[in-house]
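K.L.:
Residue-level listing of the chains:
Number of protein chains: 6
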Amino acid sequence: MTDHAERLTAAKQRVGAFSKSAGKTMQGFAAIAKAVAEPGEFSAAQKELIAVALSVSKGCEDCILYHLSAAKRLGATEAALVEALEVAVEMGGGPAVMYGSRALAAFRAL
Amino acid sequence: MTDHAERLTAAKQRVGAFSKSAGKTMQGFAAIAKAVAEPGEFSAAQKELIAVALSVSKGCEDCILYHLSAAKRLGATEAALVEALEVAVEMGGGPAVMYGSRALAAFRAL
Amino acid sequence: MTDHAERLTAAKQRVGAFSKSAGKTMQGFAAIAKAVAEPGEFSAAQKELIAVALSVSKGCEDCILYHLSAAKRLGATEAALVEALEVAVEMGGGPAVMYGSRALAAFRAL
Amino acid sequence: MTDHAERLTAAKQRVGAFSKSAGKTMQGFAAIAKAVAEPGEFSAAQKELIAVALSVSKGCEDCILYHLSAAKRLGATEAALVEALEVAVEMGGGPAVMYGSRALAAFRAL
Amino acid sequence: MTDHAERLTAAKQRVGAFSKSAGKTMQGFAAIAKAVAEPGEFSAAQKELIAVALSVSKGCEDCILYHLSAAKRLGATEAALVEALEVAVEMGGGPAVMYGSRALAAFRAL
Amino acid sequence: MTDHAERLTAAKQRVGAFSKSAGKTMQGFAAIAKAVAEPGEFSAAQKELIAVALSVSKGCEDCILYHLSAAKRLGATEAALVEALEVAVEMGGGPAVMYGSRALAAFRAL
Chain E
0 MTDHAERLTA
10 AKQRVGAFSK
20 SAGKTMQGFA
30 AIAKAVAEPG
40 EFSAAQKELI
50 AVALSVSKGC
60 EDCILYHLSA
70 AKRLGATEAA
80 LVEALEVAVE
90 MGGGPAVMYG
100 SRALAAFRAL
Chain D
0 MTDHAERLTA
10 AKQRVGAFSK
20 SAGKTMQGFA
30 AIAKAVAEPG
40 EFSAAQKELI
50 AVALSVSKGC
60 EDCILYHLSA
70 AKRLGATEAA
80 LVEALEVAVE
90 MGGGPAVMYG
100 SRALAAFRAL
Chain Y
0 MTDHAERLTA
10 AKQRVGAFSK
20 SAGKTMQGFA
30 AIAKAVAEPG
40 EFSAAQKELI
50 AVALSVSKGC
60 EDCILYHLSA
70 AKRLGATEAA
80 LVEALEVAVE
90 MGGGPAVMYG
100 SRALAAFRAL
Chain B
0 MTDHAERLTA
10 AKQRVGAFSK
20 SAGKTMQGFA
30 AIAKAVAEPG
40 EFSAAQKELI
50 AVALSVSKGC
60 EDCILYHLSA
70 AKRLGATEAA
80 LVEALEVAVE
90 MGGGPAVMYG
100 SRALAAFRAL
Chain A
0 MTDHAERLTA
10 AKQRVGAFSK
20 SAGKTMQGFA
30 AIAKAVAEPG
40 EFSAAQKELI
50 AVALSVSKGC
60 EDCILYHLSA
70 AKRLGATEAA
80 LVEALEVAVE
90 MGGGPAVMYG
100 SRALAAFRAL
Chain G
0 MTDHAERLTA
10 AKQRVGAFSK
20 SAGKTMQGFA
30 AIAKAVAEPG
40 EFSAAQKELI
50 AVALSVSKGC
60 EDCILYHLSA
70 AKRLGATEAA
80 LVEALEVAVE
90 MGGGPAVMYG
100 SRALAAFRAL
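Residue numbers (numbering that gives the first Met the number 0), protein chains in the order written: chain E, 0 to 109; chain D, 0 to 109; chain Y, 0 to 109; chain B, 0 to 109; chain A, 0 to 109; chain G, 0 to 109.
No lab work stands behind these hints: they were computed from the structure. Please note that a few of the clues may not be correct.
Put simply, identical chains are the same to the list, so a pair is met inside one copy or across any two.
List of simulated lysine to aspartate or glutamate pairs, EDC-like, C-alpha gap at most 16 Å [to be verified]:
| id | residue 1 | residue 2 |
| --- | --- | --- |
| 1 | K11 | E37 |
| 2 | K23 | E37 |
| 3 | K23 | E5 |
| 4 | K71 | E40 |
| 5 | K19 | E77 |
| 6 | K11 | E40 |
| 7 | K33 | E77 |
| 8 | K11 | E77 |
| 9 | K33 | E5 |
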């Protein structure tokens with residue numbers, strides 16, 4: 000984890016290239032992402048934090064960076080992030096501690 | 000999924016029996032659950048819904064029932080549940096559709 | 000696994016109910032499913048068998064039934080199913096043996 | 000979980016049928032299982048309990064039954080089972096509590 | 000992901016070292032890999048692409064590199080790879096988008 | 000994997016920072032870890048090796064390093080590690096081969 004912002008940029012470039020090849024599939028995925036992004040009972044920032052908790056649960060570091068960055072842009076606080084990560088620890092044990100700790104470090108670095 | 004309430008009761012009885020044998024470990028787990036249950040930036044009901052989303056992601060039906068039931072008791076609305084499940088679909092694809100659909104059916108039945 | 004066809008019907012009904020509540024998200028998911036269904040380098044039946052292998056890998060029984068049924072309707076042979084399941088065993092060990100065996104039984108029963 | 004022994008028998012029959020269709024793959028898998036079964040630094044019973052912990056981690060109920068049954072036949076004690084399940088809880092959180100509780104109930108019932 | 004070929008070589012060396020220590024188990028695994036490699040209803044290249052889809056689903060980067068490399072050596076086209084990755088996205092959502100995008104980048108770089 | 004000891008130190012620092020923010024949750028987690036660490040039917044070193052097998056199954060490299068390091072400190076032999084990894088291969092196939100091979104390399108390097 001040398002440079003979180005750089006790694007996020009690289010992930011987005013890879014997804015951009017994949018989207019050119021898998022256009023229709025990725026249009027469907029973008030439609031899901033757009034629907035999820037609409038605020039409702041949860042704010043948009045809270046929804047991104049749920050996505051972070053799920054990313055931690057899956058151990059997907061590119062996903063953690065992507066959704067952390069979105070959450071931060073939408074105004075998510077560190078306190079709210081930590082709460083979402085704590086639920087991930089309840090549901091994931093040790094691996095969630097490890098990836099959750101990575102998520103907190105990334106949130107502070109981004 | 001004949002009787003959701005019955006299945007939840009059976010799950011709780013099994014966990015009760017396990018807790019007698021694995022006392023110290025389960026005391027630690029209970030401490031995590033208690034910490035997570037405290038309202039903060041997310042309400043207690045919202046945290047249970049995040050736990051439902053994580054349960055859907057893991058495909059753990061006992062977990063879905065347990066956290067759905069807690070969410071409902073804390074006043075979670077169906078609209079908020081659906082939003083949490085939609086994030087799970089974004090992060091989990093087809094299996095999240097299947098377990099999310101089970102979660103919605105259970106929420107209505109419980 | 001008393002009645003595979005009945006369980007598949009129940010799963011589809013649950014997904015139908017979820018789709019009413021999570022309309023935009025499920026429209027995006029349907030767009031992905033439609034894009035994936037188009038034959039290309041893999042036939043449509045082969046793609047459904049890849050989805051079965053992934054379902055076995057996730058241990059999602061509703062998914063196994065759903066994609067097995069679609070594969071069968073598209074003319075997938077048992078021999079092709081077994082090959083896809085063998086790749087799942089290579090990549091998943093014991094759990095893939097167990098869910099793969101369930102998939103074969105379901106294919107014969109559906 | 001009405002009848003654990005019956006469910007185990009059904010799982011073994013399904014695996015038997017799959018093994019006929021996927022002969023060479025399953026011969027390779029059987030060779031792995033045989034190699035793992037040899038006692039070494041861990042006894043054969045202890046190795047089966049590690050397999051139970053991994054089955055709990057994967058949420059694979061057929062696997063839990065299969066390896067629990069083997070562990071019991073090899074003389075594994077309930078105390079040793081509980082210890083293996085506690086490690087699974089450390090590494091898996093809530094879902095491991097749920098599947099671990101199922102494993103303990105099955106051990107007592109088998 | 001600085002140098003894909005270098006990382007693949009390192010992975011193969013690690014597996015080689017493990018195979019010396021875990022000889023019988025790895026002979027069983029090699030037998031599975033050999034059985035899976037035989038062309039049938041799916042070509043050998045197609046089977047490697049299914050293995051790539053499963054690797055993406057598991058988020059295992061060493062596996063992605065290993066099976067991508069084998070697929071490429073067997074003549075798999077980029078179009079076929081993308082189709083397999085699209086099924087992975089259908090069955091895995093966001094994390095599959097991220098690992099699938101890594102797989103496409105690796106395929107082009109190898 | 001340039002420097003295993005350095006990567007382990009970084010992981011522990013991240014967990015330390017997370018523990019400051021998620022105090023009560025991490026106290027509960029520490030209580031679980033303490034309960035699991037007590038020798039019983041399995042020695043403390045054996046329990047750490049079970050945790051390594053579970054870490055391999057989850058594909059969590061920070062977890063692998065953490066529990067490998069603890070196992071080594073408690074006197075675990077390479078032979079016992081390999082046996083635990085072989086069970087992980089039985090229950091996890093190719094990804095377990097890859098992460099197990101990483102675990103063996105790390106054990107030798109630490």
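K.L.:
Within a copy, between copies, both or neither: which one fits K71 and E40 at a CA-CA cutoff of 16 Å?
P.N.:
between (19 Å within a copy, 15 Å between copies)
K.L.:
Measure nothing new, just compare the shortest in-copy and cross-copy C-alpha distances for K11 and E37 to 16 Å and report within, between, both or neither.
P.N.:
Neither, since 21 Å and 27 Å both go past 16 Å.
K.L.:
Checking K23 and E37: alpha-carbon separation at most 16 Å within a copy, between copies, both or neither?
P.N.:
between (22 Å within a copy, 11 Å between copies)
K.L.:
Reference check for the pair K23 and E5, CA-CA at most 16 Å: within, between, both, or neither?
P.N.:
Result: close neither inside a copy nor across copies, 28 Å intra and 32 Å inter.
K.L.:
Check K11 against E40 for me: Cα-Cα at most 16 Å, and say if that holds within a copy, between copies, both or neither.
P.N.:
Intra 29 Å, inter 27 Å, cutoff 16 Å: neither.
K.L.:
Could you figure out if K19 and E77 sit no more than 16 Å apart (CA to CA) within one copy, between two copies, both or neither?
P.N.:
Cα proximity of K19 and E77: across copies only (13 Å, versus 35 Å in one copy).
K.L.:
Evaluate K33 and E77 at a C-alpha cut-off of 16 Å and name the case that applies: within, between, both or neither.
P.N.:
neither (24 Å within a copy, 20 Å between copies)
K.L.:
Could you place K33 and E5 in one of the four classes (within, between, both, neither) given a Cα distance threshold of 16 Å?
P.N.:
neither (25 Å within a copy, 34 Å between copies)
K.L.:
What label fits K11 with E77 when the C-alpha limit is 16 Å: within, between, both, or neither?
P.N.:
neither (23 Å within a copy, 20 Å between copies)
Checked against the numbered hints listed earlier, the structure breaks hints 1, 3, 6, 7, 8 and 9; every other hint is satisfied.
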